[in-house]
Structures are given as C-alpha cells and as structure tokens.
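Asks: Each protein sequence line maps, in turn, to chains A and B. So that you can map any letter, position 289 of the first sequence is 289 in our numbering, and since no number is skipped, the others follow by simple counting. If you count the second sequence from 1, you need to add 502 to reach our numbering.
Derived from the structure by calculation, the hints contain no laboratory data. Some hints here could point you the wrong way.
[Claimed, not checked] Each computed EDC-like pair below joins lysine to aspartate or glutamate, with the alpha-carbon atoms no more than 20 Å apart: (1) 686/B x 447/A; (2) 650/B x 636/B; (3) 810/B x 747/B; (4) 103/A x 291/A; (5) 103/A x 290/A; (6) 686/B x 291/A; (7) 608/B x 447/A; (8) 610/B x 584/B; (9) 673/B x 584/B; (10) 610/B x 291/A; (11) 810/B x 799/B; (12) 428/A x 141/A; (13) 673/B x 644/B; (14) 718/B x 141/A; (15) 610/B x 807/B; (16) 718/B x 350/A; (17) 287/A x 224/A; (18) 168/A x 432/A.
[What the hints assert, rightly or not] With beta-carbon atoms standing in for the labels, derived distance ranges: (19) 16/A x 555/B: 45 to 53 Å; (20) 635/B x 460/A: 48 to 56 Å; (21) 652/B x 471/A: 52 to 60 Å.
[Stated by the list, open to error] Only part of the chain A face toward chain B is listed, based on derived beta-carbon distances under 10 Å: (22) 8; (23) 392; (24) 408; (25) 414; (26) 460; (27) 462.
Backbone N, C-alpha and C define an ideal beta-carbon position, used for all residues, glycine too.
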Amino acid sequence: MELLSNLGLGFSVASSFANLGFCLIGVLLGTLIGVLPGIGATATIAMLLPITFQLEPVSSLIMLAGIYYGAQYGGSTTAILINMPGESSSAVTAIDGYQMARKGRAGTALATAALGSFFAGTVATFLVAIFAPPLTAIALEFGAAEYFSLMVLGLVMSVALAHGTVLKALAMVILGLLLGIVGTDIYTGTPRFTLGITQFADGLNFVALAVGVFGIAEILRNLEDEHERQVMTRNINRLFPSGPELRQIIGPVLRGTGVGSVLGILPGGGAILASFASYTLEKKLSKHPEEFGHGAIAGVAGPESANNAGAQTSFIPLLTLGIPANPVMALMIGAMIIQGIVPGPGVVTEQPDLFWGIIASMWIGNLMLVVLNLPLIGLWVKLLTVPYYVLFPIIMAMCSIGVYSVNSNVYDLFAVAFFGFLGYVLSKLRFEPAPLLLGFVLGPLLEENLRRAMILSRGDPTTFVTRPISAGLLVLALAVLVLVFLPQIRKRREEVFTESDG
Amino acid sequence: MTLTLTRRILLGTAFVFGLAGAAAADYPDRAITLVIPFAAGGSTDVVGRIVAERMSADLGQQVVVQNVGGAGGSLGATQVAEADPDGYTILMGTVATHALNPLILKQKPYDPVADFAPVSLLVLVPNVLAVNPELPVQNVQELIDLAKTQPLAYASSGNGTPLHLSGELFKAMAGVDITHIPYKGSGPALTDVLGNQVPIIFDNLPSASGHITSGKLRALGVTTAERAPSFPDVPAIAETLPGYETYSWNALFAPAGTPPEAVARLNAAAVAAMADPAVVARMGEFSASIVASSPEELAQHVKAEMTKWEPVVTDANVTMD
Numbered sequence: 001m002e003l004l005s006n007l008g009l010g011f012s013v014a015s016s017f018a019n020l021g022f023c024l025i026g027v028l029l030g031t032l033i034g035v036l037p038g039i040g041a042t043a044t045i046a047m048l049l050p051i052t053f054q055l056e057p058v059s060s061l062i063m064l065a066g067i068y069y070g071a072q073y074g075g076s077t078t079a080i081l082i083n084m085p086g087e088s089s090s091a092v093t094a095i096d097g098y099q100m101a102r103k104g105r106a107g108t109a110l111a112t113a114a115l116g117s118f119f120a121g122t123v124a125t126f127l128v129a130i131f132a133p134p135l136t137a138i139a140l141e142f143g144a145a146e147y148f149s150l151m152v153l154g155l156v157m158s159v160a161l162a163h164g165t166v167l168k169a170l171a172m173v174i175l176g177l178l179l180g181i182v183g184t185d186i187y188t189g190t191p192r193f194t195l196g197i198t199q200f201a202d203g204l205n206f207v208a209l210a211v212g213v214f215g216i217a218e219i220l221r222n223l224e225d226e227h228e229r230q231v232m233t234r235n236i237n238r239l240f241p242s243g244p245e246l247r248q249i250i251g252p253v254l255r256g257t258g259v260g261s262v263l264g265i266l267p268g269g270g271a272i273l274a275s276f277a278s279y280t281l282e283k284k285l286s287k288h289p290e291e292f293g294h295g296a297i298a299g300v301a302g303p304e305s306a307n308n309a310g311a312q313t314s315f316i317p318l319l320t321l322g323i324p325a326n327p328v329m330a331l332m333i334g335a336m337i338i339q340g341i342v343p344g345p346g347v348v349t350e351q352p353d354l355f356w357g358i359i360a361s362m363w364i365g366n367l368m369l370v371v372l373n374l375p376l377i378g379l380w381v382k383l384l385t386v387p388y389y390v391l392f393p394i395i396m397a398m399c400s401i402g403v404y405s406v407n408s409n410v411y412d413l414f415a416v417a418f419f420g421f422l423g424y425v426l427s428k429l430r431f432e433p434a435p436l437l438l439g440f441v442l443g444p445l446l447e448e449n450l451r452r453a454m455i456l457s458r459g460d461p462t463t464f465v466t467r468p469i470s471a472g473l474l475v476l477a478l479a480v481l482v483l484v485f486l487p488q489i490r491k492r493r494e495e496v497f498t499e500s501d502g
Numbered sequence: 503m504t505l506t507l508t509r510r511i512l513l514g515t516a517f518v519f520g521l522a523g524a525a526a527a528d529y530p531d532r533a534i535t536l537v538i539p540f541a542a543g544g545s546t547d548v549v550g551r552i553v554a555e556r557m558s559a560d561l562g563q564q565v566v567v568q569n570v571g572g573a574g575g576s577l578g579a580t581q582v583a584e585a586d587p588d589g590y591t592i593l594m595g596t597v598a599t600h601a602l603n604p605l606i607l608k609q610k611p612y613d614p615v616a617d618f619a620p621v622s623l624l625v626l627v628p629n630v631l632a633v634n635p636e637l638p639v640q641n642v643q644e645l646i647d648l649a650k651t652q653p654l655a656y657a658s659s660g661n662g663t664p665l666h667l668s669g670e671l672f673k674a675m676a677g678v679d680i681t682h683i684p685y686k687g688s689g690p691a692l693t694d695v696l697g698n699q700v701p702i703i704f705d706n707l708p709s710a711s712g713h714i715t716s717g718k719l720r721a722l723g724v725t726t727a728e729r730a731p732s733f734p735d736v737p738a739i740a741e742t743l744p745g746y747e748t749y750s751w752n753a754l755f756a757p758a759g760t761p762p763e764a765v766a767r768l769n770a771a772a773v774a775a776m777a778d779p780a781v782v783a784r785m786g787e788f789s790a791s792i793v794a795s796s797p798e799e800l801a802q803h804v805k806a807e808m809t810k811w812e813p814v815v816t817d818a819n820v821t822m823d
C-alpha cells in the first residue's frame, strides 16, 4: 500500500503542468536525436546539462531521463527505416527491422518496436518502484570498503562490456582514472597535475569533459563524412500488428523485458548489452532461427523491449547508491550535483517527491512516446534531411554558453576544446569514449573510498575481505575478469560486438 | 580588454578632476555583479541569492548573482580582489575566503584585508557537533570521556573547511585525539554518519537540522557561544568547554579602492535587505542569526577571526599549496 501512496505522490509531481511539459520536451528531444544518426543520448544530455541548472531539480531530471529513453525509441525508427541505428542500442533492431521494411512491413516493425518498448517500460518502471526503496536500506550498510569494492566491480565491468579489444578499453579506463586524479587531494590538500592553474584545483570539470569527448567529438566525426541517407518511407504499411503477429511477439517481449531489466542494473551494462543478449536469446529459442537476419519479427520485438527495460532499470543503482551504471547515468549524477542533490541512499527519504516524481514520469514519458511516435514518424523522417552545416554550429554555440554558465570559468571552455579534439582522435583510433567517462567518474570515488576505508580500519587492508558485502563484490569482480579472459567467452564477445559494428 | 582599459583610464581621469563625487551620486546606474565563490545550492549561495534579490529592489538596479566556485572559495575571491573597484563587482565572502584560506594556503592569491573594502557582515551561521544515535554518548562530556578510552573518527565536509577546523579546535580544547575523515562536501559526510560508517560529524547547522529534528542524528552541541534559537534544547559546546566558539559567516566585500560613497550605498542596501521581514523569516528557518554590520565592524571582525584561527591552523598543521 505504501508503494501505491508513493506512486501517487510521484504521479502528482510528474503530472504537474510544468513537469508534463518538461517530460514532453525531453521525449521529443530524445526521439529527435535518436532519429538523427550521430548525435546520441549521451552527447545530448552532456550538452544540455549546464542549461538544466536553471530549472527545478525534479523538472531537469525528468527532462534528461526523457531524452534518454526517448532516444531509445527514436533510434529504432531510423534503424528500421534506413538501416542506420540512431543509437548504438538499436543496432540489433536494424538487422531484422530493416529487412521487414524492405519487405513492405515497415509499419508493423515500427509498431512492434513501440509497443514492445512501452510494455517493457511499464514493467521496468514498476520494478524500479518496487526494488529501489528496499535497496536503499542495504545501501546505508555501504561504507567506504563496500564502495571501493563496488567501484572495482564497475570498472571491471566497463572494460568487459566495452566495444572493441579489451586492451583498448582498459587503456581508456586508465586514461579516465588519470584525468580523474587532477585536482586537490581531499586528504592532504595537495594539488595534483593541475599545472599550477588554480582553476583546476577542484579537478577537471565533468561537464566540460563530457561535452568535449562526446558532443564535440561526435560533431567533428559527423562533419567529416555525411552519410548517404536513403529513406524507406514509401513502404510504411498499416501500423498495428495483426492477431498472429501479436501472438508471435508476446514471448520475445516478455523475455526481452526480463533480460533487459536484469542487465540494466549491472554496472557497465544498460541498454546496449540488453538488446544484444535478447537477440541472441531469441535466435536460440526460435523454431525458425534461419528467419533471423531476414525480417524476423521476434528479432525486433525482443531487443527493443530489452533496451528500453535496461534503460529504465539502470536508474536503480543511480537512485539508491549514487553509482552510475553507464555514462548516461554518470551524466545524471552530474545533473543532480549541479542542483545540490547528493545522489545516494538519502534521495528516497529526503527528496521523496523527486525520487517518485522521476519514476512516475518514466511511465508517463513512455506513454507519450507511444502516442506521439507513431503519428509523427513522417515528420522525423523529414528531419533527416536538415543539413549538418546548419545544425552543428547552432549546437556548438549552445554547448559553449552552457558550459561557461555553470562556473563562469574560461578554463572549462579550453577543456571542452581540448577534450573535443581528444575525443575525435580517439574515435579515429577506434577507442571507445564510454570507459573513459566511467573511469573519470569512478576513479576519484575509488581512490577516495580506498583511502577512507584504510583510515577507518587503521591501515588494515583485510577490511575489504572481512566485510561480507565488500568481499562478495570483489569475488564477483574477479569472476567477471576470469570470464572475460576465458578463450570461449572472448570469442563470443568479439562476435557480438562485430555484429554491432557492422 | 580595450574596453576595460578605456574605462579604467576614464575613471582615473574622473578622480583626477575631482568628479568622483558626481559619479558616485548616480551610483548605481547599471547592474551589479555579486560573485558567490561557491557552486550553486550551498548555504552561501542561498544566503547570497536571498540578499541579492532584496538589494536589487533597494538599489533600483539588478544585483546579478554569479557563481564562481572552486578552490574552496579562493577563485571567486581572487576574481573580486582583481576586479575594477567601481562598486559594480562585489563578493559574498565567508569565514573560508576571509579567514581560513589566507591562513592555510601556502601561495596566497589575495590579501583578505588589503585587497578588499568591507561592506557588511550579514549573518552568522552556527555549526553543530552531532553523532549517530548508536554511539553511546548523550552529551559532550560523555563523548570526551569515550574518546579517551577508544579510537573514534569524525566526518567533515573537507580538509581546511570551517567544519574541519571546528573539529580540530574541539580536539585541542578537550585534549582528545579523534581521527579526521574528510569528504567532498557535507552531503556524503552526512550519509556516512547516518549509516554509522563514521560515528561523529561536525556540520553546518542548516544542513544537519533536518536529521536532528527527525532523530537520525543526535546533536551534542552547537559551536556558537550561545544556544541557537532554532534548537533551544541543544546545549552550546561552550557549556562544557568554556571559551569554545566557532561559526560560519557571510559578509559582503567590494574590491579595495571602491569609492566610499559606493560602499556606503551598498551597506545601506544590505542593512535594509536584512531588516526585510521575509528575509528575517528565511534566515530564521536557516538557523542563521542576522548581524547586518557597518563596514568598520566587518573590518574588525575579519581581523578578530584571523587572530582566532591562526593558532588552530598552526596547531592542526593544516596547509595547502
């Protein structure tokens, strides 16, 4: 019953006129950037972060969350219509979705994606509502030792789940860790790697780094080669799936929701991994595996449900522990900190309206997406024809103003330029920026908690293995590490990621 | 750059020809920037924004808040110290920017006395010594006794902050050793004390007050010489350790060389703002006590604070490069 009254509070917050408006802006913007190949949710949220500072905390988080799951919807639209996933998590959808579109079933594919996502979103919203509060009780048991072990697990996972080679991912994590060290050491007050610049005494600005590595770098990369964009619009058939088709998608949607919900919670995971796992699962379970790759409706329904469920449940570690499961959640932490909210177990009790408001808004946002998306598909397709030379200068100007407004610090703009260039070079060399961002966020926490745990235990390192939660997390991290390096798994992992790059 | 130079020359010329008075009569004829040397959302930011809004009404010009956070307040303070002394750039100074940082920092980016023209000491904000309710102590004396028999640790919002030094002063006066655990701000420090990872905390009273009221923290004492009006049941630490007194404060400063007429006008606006019933009510909720001093009183206050903190900083051996 408490759950119902809490959800009631959430819906009353989320359905205020202003918050409905911000939710709508968020999902529209999310769909828009999801449709536009090249600009991802991470880049958009990074760029909007500074602007949200002017809003109420709950409104800004509702809007940013809307962008995140809105992008999952928009990404599947382009994946189906032009075989170009607007979001990496929609990469799998493109495999069978585009084939469906070529066979004249684009409408069915789009509707399947939307309905599957909506169902998964609804279930995942309830999962967040049910599991987040009890988890916060456990979260209060988390001391410095537990946080340290959790960071270790998170960093190991982010390496294990990154695209490309393990070595490159590891290099990015370490670069992130090193960049995270810049600034004043909180225990001794000694400045480290600040090059004598007082403006860097508090470390590199997270927003500047994120805007640079993700936003500016993606813009540079897109300007370099503007893709041919061939749009499959003539073949949109009726939208709603027929009876037999509905029966075909029920199983995949349910399984996709389950897989996605579980994987979303894990650090380093989230929507991308969920969609791949669901696709592999459906292919294995199917009576006609040969249909996959040639327009199997299950190959759209499963992954689309999974990526949306994963996108939602990745809010659980954020809202309970204040730990990001993926780079978008790292940005959400940034958004909360800008607003003076400390992400962590205190949020549920101290800011119930914020917590439940965000959860309720997720469901409302998903509903908006279904209602809006299907009729608006024609409009989104038209947007694909806006030339980048108009779009990108506007975005870059907005970014710069936004970053500067956070701290009125010119050095943050230098950092944006530097990291934009660095991000571009890294992407040319096929290094993934996501582990870098996670390293940058988790690294300082790792060090801070390692040293705090050591001070509290009076220099006794066994504190990490004698405390049960901490020991459990370390064992889990070790297991993941072993798995990643097992030859069989390694091959499988490479296969999966090759598909996504293709 | 050219613009500022020209303006400086013009101002200089105005002084030479004795026109400064005429210029000050029109003051202020454009928006004033209030630099808050901390990120938005903290207690200094809240005080600054409330005051800026009221001062705007009184001055007839917008007082625009600009957050220049970083380096424990030093970045924003340095920016104002180096700004044109024309009365259009002012600083929301604190105990950190005008007493502790200048004592702690090895490289001094500004001089808290010579580089500033004091305007008004606005408010004093008490700190509080609180413990997790599972720690078996009911008052300050029991805590001191316990600390003598077993190792304890206390959390603070960071190295060199007023809360850290409140803890160090406490240790020195009580003759006990309690390990200091610094955090990045009050929020994470509070979280760990609520979860009983660290048993003791020194925090700003406004930030801890919610948890004290709800019983999740047991307040042992406030750091002001007298009890705080918002928590009459919580004794002052000074009742156990006579002479113990620390608090955070917020004060307005202009750059040194600002025309006295402008300082006087700003002071009048600040004093009027602090007398506004709505401001008084907000500050009460905040456990902040209003001072609204004259510029001379603020100058005295800064000197007194530096004298008070110098031995604490030296004894605790707190330095930063």
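Asks: Can you give the numbers of the hints that this structure goes against, from lowest to highest?
Replies: Of the numbered hints given earlier, those the structure breaks are 6, 7, 9, 10, 12, 17, 19, 20, 21, 22, 23, 25, 26 and 27, listed in rising order.
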